[in-house]
Amino acid sequence: MSSLGKFRYVSTDRRVREDRRFVAGKGRFVADIVLPNTKHVALVTCPHAAARIVGIDKSAALAMPGVHYILDGAELAAATLPLMTGLDTPNVPRRPLAHEIARYSGEWVVAVVADSRALAEDAAEEVIVDYEPLPFVLDAEQALESNDILVHEAHGSNVLLDKTFTWGEVDKDFAAAPRKLKLRVKWGRSSTVPIETFGVTASWDPWRDMLDVHASIQMPRFQDQIAVALKIPVTSVRVHHDVDVGGSYGVKRGIKHTILCGYLSRRLGFPVRLIEDRLENMRGGDAHGPERLFDVEVAFDDNGIVRSMKMRALENVGAYAGRSPFQLGKPVGAIVGPYKIQSVQYRAVAVVTNKTTQDAVRGFGQAPTNVALERTMDEVANVLGLDRLEIRRRNMIRHDEFPYVIPSGTTYDSGDYHALVDKVMAHTSYDSLKAERDALRAKGLLAGIGFAACLEPSGGNAMFEALLNPKIQTTTFMDSCRINVDGVGSITATMHTTSSGQGHETLVGTAIGEVLQIDPETIRVVRPDSLNSLPSGTPVGSRMAIMLGGAAFHAATKLKTKLTTIAAHDLGIPLERAGYDQGEVYDKNKPEHRRTWLDLVQIAWRSYHRMPADMEPGLAVSHVMQVPTGGVLPTADGKVQMYPCTSFEFHFILVSIDPVIGRPEIVKYRIGHDCGTVINPKIVRGMTMGGIAHGIGAALYEEFAYNDDGQLIAQTFMDYLLPSSHEVPDVEIIYHVTPSPNTVFGQKGSGESGYLGAPAAVANAINDALKPLGISTNSLPIKVSKLGDMIAAAQEKKSKGN
Amino acid sequence: MRIELDINGETRELEVEPRTTLLDCLRDQMQLTGAHAGCEHGVCGACTVLFDGVAVRACLIFAPQAQGSKITTIEGVTPGPGEMSVIQDAFCETHGMQCGYCTPAMVLVAHALLVDNPNPTREQIVDAISGNICRCTGYAQIIDAIALAAERLRGANRPVEQRV
Amino acid sequence: MKAAPFEYSRAADIDEACAWLAADENARIIAGGQTLVPMMAMRLARPTRLVDINRIAGLSYIRADGDAIAIGATTRQCDLERDALVARDLPLMAKAIPWIGHAATRARGTIGGSLSNADPAAEQALMAVTLDAVLNYREAGKTAEIKARDFFIGPMVTALPAAACLTGVRYPVWRGKIGIGFHEVNARRSDFAFVSAAVQVELGADGMCKRIAIGVGAATDFPMRLDSAEAQLTGTMLDAAAVKDAVTQALADIEAMDDLHASAAYRKRVAVSLACRAVADARASALGEKIHAH
Ligand SMILES: Cc1cc2nc3c(=O)[nH]c(=O)nc-3n(C[C@@H](O)[C@H](O)[C@H](O)COP(=O)(O)OP(=O)(O)OC[C@H]3O[C@@H](n4cnc5c(N)ncnc54)[C@H](O)[C@@H]3O)c2cc1C
Ligand code: FES
Ligand code: FES
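Going down the list, the protein sequences come from chains G, X and Z. One gets the working numbering by counting positions in the first sequence from 1 and adding 159 to each. One gets the working numbering by counting positions in the second sequence from 1 and adding 167 to each. One gets the working numbering by counting positions in the third sequence from 1 and adding 2 to each.
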């Protein structure tokens with residue numbers, strides 16, 4: 160349907176309707192919502208990397224004025240079920256409060272409820288927990304290789320997942336290839352770290368059997384998980400979606416927080432709220448993201464054509480399962496990136512350690528995988544002495560080869576990689592950039608050019624669950640929209656989840672306006688609570704433009720059809736002769752013969768006698784959309800259609816490094832971006848720019864670092880370093896549009912753009928800069944001091960050699 | 168303790184515990200929720216308010232300390248219900264935000280900058296907002312917004328001192 | 003992240019502030035609060051009483067005082083940043099100030115707070131040591147002074163008596179053909195330094211170094227002066243090789259700090275480099291040459 164041709168509102172540079180409330184400080188964030196008689200939670204957290212909870216003395220804390228309750232893990236565990244995880248690991252239960260054993264420093268042990276947050280913190284200090292420290296393991300390889308220290312004794316090992324997939328003739332391709340290369344790449348533990356921490360208020364009404372939840376969430380099937388854990392019907396959980404979420408990019412899961420507050424509110428009879436403070440958030444919230452070790456081996460020929468790849472990805476998921484192991488699964492849908500690698504062996508291993516549990520992060524594991532792939536492409540070029548851009552061009556899938564099926568079974572919908580690369584390179588000639596790099600080198604600086612060519616699988620489908628856990632048989636990931644035209648002709652549309660800055664209200668308005676040819680600004684978009692909602696997969700998996708935009712499109716199309724049918728009937732003409740124009744329907748043979756919008760509203764709302772037979776009165780329609788390309792289980796040999804669309808991005812950057820100081824400065828940053836039809840240019844640009852900033856953070860600054868005692872030492876914003884405006888360079892974005900055949904406007908996802916390639920581009924540029932010294936680094940983040948020390952050691956070695 | 172605060176041009180008498188930060192006092196006791204808590208330890212800038220016209224972190228000032236100074240919050244620079252200032256409108260025009268959590272602070276910083284320097288260079292804008300972390304935008308559209316606001320304010324048919 | 007409870011007193015004058023401190027050993031002065039409040043929020047500091055000195059009249063000033071510039075304890079970092087007298091007579095200070103945190107923290111943070119706090123990486127501490135500042139304080143109705151080089155005695159530890167209030171600092175002004183250099187490395191521009199170096203020189207008409215002060219911050223427990231290098235370089239033309247030798251020697255035996263952000267080896271190596279750069283900049287600026295930023 161991308162043949163819609165020219166758009167009226169889609170792709171035009173329109174304002175984002177959500178923005179007005181935010182500039183005035185009138186966003187409605189969870190901490191802004193205060194229900195009468197709300198009490199506040201503060202947490203007592205475990206100071207050890209692993210410890211048995213021997214005893215808890217609550218008496219002093221309970222005696223303090225303003226303190227209402229002190230909840231421990233034993234009581235909560237007795238009353239609730241553990242969190243749902245998608246893996247088949249029943250002996251690795253995850254609960255809001257540690258029960259018997261705490262498994263990481265910062266794990267929540269006791270929840271204190273008091274009149275104010277300050278009082279709750281005062282009382283938390285008075286709760287005396289007797290711990291017996293236990294041995295702990297922090298390193299993923301150690302956890303994998305040895306059973307001496309088990310994070311979960313009953314599980315019998317530290318391995319949550321260890322699956323090997325072989326797609327294509329890997330052994331044969333390796334045997335046949337003249338050249339091979341091995342590489343180890345490390346992605347340090349980092350995450351999205353929104354500026355708003357997670358927060359929730361849960362309020363139980365025993366007279367209505369209703370738990371009202373206001374929370375800053377981005378979580379599929381949130382209400383189901385809360386209800387199951389609390390052992391109440393899902394119909395007794397009402398999640399309010401009209402809460403603005405202060406950033407998420409994957410992490411705002413909040414299941415354990417909500418179970419905790421939900422339980423407390425039911426137990427105590429008043430609303431209970433937990434707004435994490437930054438320490439709680441960083442140490443024990445859903446704050447952490449991938450920490451992954453890659454071992455990559457590729458087989459290639461003398462022309463640099465990569466034939467086959469073996470990749471082992473070892474994920475340190477922290478103490479419990481979370482969503483993290485699945486983040487090894489999603490990259491299967493783009494495991495070869497934009498390249499024609501014909502066979503792949505992929506081993507995905509997830510181990511538990513005594514670190515904070517990871518949760519989902521923007522890209523769901525794709526960004527680390529892209530670093531491994533893109534570092535590998537550079538090294539292939541380097542060993543052959545070939546140009547790194549040329550080698551990418553040679554390996555990339557050509558425009559005329561789409562739709563293209565990759566070895567792991569996913570079909571890439573469309574792409575025009577070479578054209579976009581050419582477009583970017585036409586903007587800055589490669590030669591002039593090389594000259595710029597060499598001029599920097601001549602000045603005594605280290606300087607390097609970095610490329611990254613990456614895909615953003617988008618549209619979201621949880622096929623990685625079925626792939627990694629055959630007990631799961633989910634092959635859909637829905638989104639929905641309902642449209643009602645009221646009795647005076649105004650349009651209200653619904654969406655059924657929260658947003659964290661993606662402009663979904665604007666998206667829905669634009670899609671409906673486009674179909675109905677009506678100014679999107681006149682369309683009201685609301686967010687009913689979960690009990691009034693249709694299914695929504697929530698804003699994960701870079702899917703909302705495709706799925707919510709798609710659902711809105713389809714609902715609007717149904718409405719348009721209904722309007723046309725009513726009009727044709729009323730005009731007494733066959734349906735084919737009825738034309739639709741900006742809300743009016745006319746006789747194509749006699750255009751002045753028409754029914755206006757208000758005529759049609761009048762008929763549908765009041766004049767049933769003028770309606771076609773058997774048609775529902777009113778103008779209410781809804782659409783629940785199935786994910787395009789969904790509906791198929793993985794095959795027995797592990798082939799899977801992951802996401803329906805693939806956006807493409809090509810990063811091209813120049814860095815310079817003062818060799819003594821070791822600080823990489825990004826001198827130039829260009830990115831070519833193709834996410835198919837752009838629905839709102841302002842939103843897409845923002846996503847890409849934000850993603851790049853985030854990617855620069857992951858590459859250079861951000862790490863949840865631990866010391867040898869298992870203590871998180873980057874737990875404040877003084878130590879976990881988010882890029883400020885000083886650290887983010889000017890970026891030039893060059894657009895290209897290759898519509899997707901799978902979506903209503905030809906759109907693809909862009910919510911993860913920038914982030915998926917920036918870390919790889921930065922790492923590649925730094926390695927290009929280091930090349931003259933004969934060293935390389937494949938361990939992110941590449942921090943200033945670390946790089947400085949590396950360079951110094953190399954220089955020393957060189958000078959000794961001379 | 169009893170304190171008297173001058174907030175957005177209005178004097179308010181309040182009873183606070185000394186340990187209440189200005190941020191918590193604004194949010195919890197005055198329902199001025201445009202200032203947000205991001206870190207509560209002075210790094211992110213989400214809590215920014217103007218203290219005698221200068222952008223400061225409200226999480227690092229205890230409420231009693233604010234007595235005797237003029238506090239301006241985002242609510243105080245918004246011209247009226249549903250009405251945006253030139254700066255706020257410029258943020259909408261460039262989409263200088265996503266989730267909106269850092270936004271009121273960014274608008275206030277822009278406000279303070281443009282009162283001080285109606286003609287900032289891009290570098291000066293970057294520097295002015297460098298104390299405010301935005302995790303969503305990568306800053307480009309925020310910088311554009313402030314540049315646009317500066318341009319529009321320079322063109323405004325009003326005396327300089329009343330422009331921002 | 004809420005502070006533990008405390009009493010609050012707004013002191014009307016210094017002696018009242020000192021009296022509060024003397025009355026309760028857990029009372030603490032609050033100046034800009036930019037260090038103390040985060041510590042309190044995390045409950046790493048839990049004073050029983052805060053003595054607010056912000057509104058004490060006459061504690062915030064920048065003025066010429068004989069051969070020195072005198073600066074009051076509650077003078078805000080942003081005031082120093084914009085002050086014409088500081089720009090003219092304490093150019094090294096003017097250069098270093100923008101490196102302290104963010105504009106919003108400089109709007110509250112005071113010079114007295116920064117010095118009393120004695121963070122090894124604090125720019126103000128490095129300035130005081132490099133410029134041979136003299137700190138004035140008041141305790142139990144008496145006024146006393148202490149040299150900056152005696153004031154800092156450990157990381158976050160000073161020689162200031164517990165019940166004393168720092169009142170002001172005097173920075174001797176160098177006259178003549180003066181040049182300055184300041185370099186700092188940190189993760190992000192606004193972060194505390196991993197290493198910093200500050201240099202002020204006075205050159206003779208012939209370009210010979212008549213006087214030089216070289217300070218290195220953040221590398222060791224408190225800012226240090228490279229005395230031996232200063233002695234070696236005085237009377238020379240500050241030729242790059244000689245500077246490098248002198249600086250390297252002076253830093254050869256330091257015990258550099260090691261933490262999450264930078265290794266000891268890094269600090270030591272980069273300290274040498276920054277000090278050399280700062281000397282070169284100082285020389286060039288004294289000669290009226292343009293300095294190219296790194
Ligand atoms: C995000 C951020 C970044 C920062 N970056 C830097 C940086 O790069 N470099 C840097 O140097 N600093 C930095 N700081 C800290 C700096 O801003 C503080 O201003 C400074 O360290 C302390 O000054 P203050 O006036 O705020 O003191 P306060 O926080 O009020 O007090 C600090 C200590 O000094 C004591 N004290 C204060 N005044 C006196 C006095 N007159 N007599 C006796 N004792 C006194 C207090 O009791 C307290 O123990 C940063 C702070 C933040 C929040
Ligand atoms: S909340 Fe005040 S600076 Fe982060
Ligand atoms: S808009 Fe989300 S943090 Fe800035």
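In case anyone wonders, no lab produced these hints; they're calculated from the structure. Even for Gly, the Cβ is constructed at its ideal location relative to N, Cα and C. Mixed in with the good hints, there may be bad ones.
Not close to chain G: a few residues of chain Z, all C-beta gaps over 12 angstroms, as computed [stated by the list, open to error]:
| no. | residue |
| --- | --- |
| 1 | 25 |
| 2 | 60 |
| 3 | 164 |
| 4 | 243 |
| 5 | 251 |
| 6 | 266 |
Some chain X residues judged to face chain Z by a derived CB distance under 7 angstroms, without partners named [unchecked claim]:
| no. | residue |
| --- | --- |
| 7 | 181 |
| 8 | 183 |
| 9 | 186 |
| 10 | 207 |
| 11 | 209 |
| 12 | 220 |
| 13 | 224 |
| 14 | 231 |
| 15 | 236 |
Right, here's what the structure says about each hint:
1. 25: holds, 24 angstroms
2. 60: holds, 34 angstroms
3. 164: holds, 25 angstroms
4. 243: Holds, because the least Cβ-Cβ distance between residue 243 of chain Z and chain G comes to about 16 angstroms, which exceeds 12 angstroms.
5. 251: holds, 18 angstroms
6. 266: violated, 10 angstroms
7. 181: Violated, about 14 angstroms.
8. 183: Nearest chain Z Cβ about 10 angstroms off; hint violated.
9. 186: holds, 4 angstroms
10. 207: The hint holds - residue 207 of chain X has a Cβ within 7 angstroms of chain Z, the shortest such distance being about 4 angstroms.
11. 209: holds, 5 angstroms
12. 220: Interface hint status for residue 220 of chain X: violated (10 angstroms vs cutoff 7 angstroms).
13. 224: The hint holds - residue 224 of chain X has a Cβ within 7 angstroms of chain Z, the shortest such distance being about 6 angstroms.
14. 231: holds, 5 angstroms
15. 236: violated, 10 angstroms
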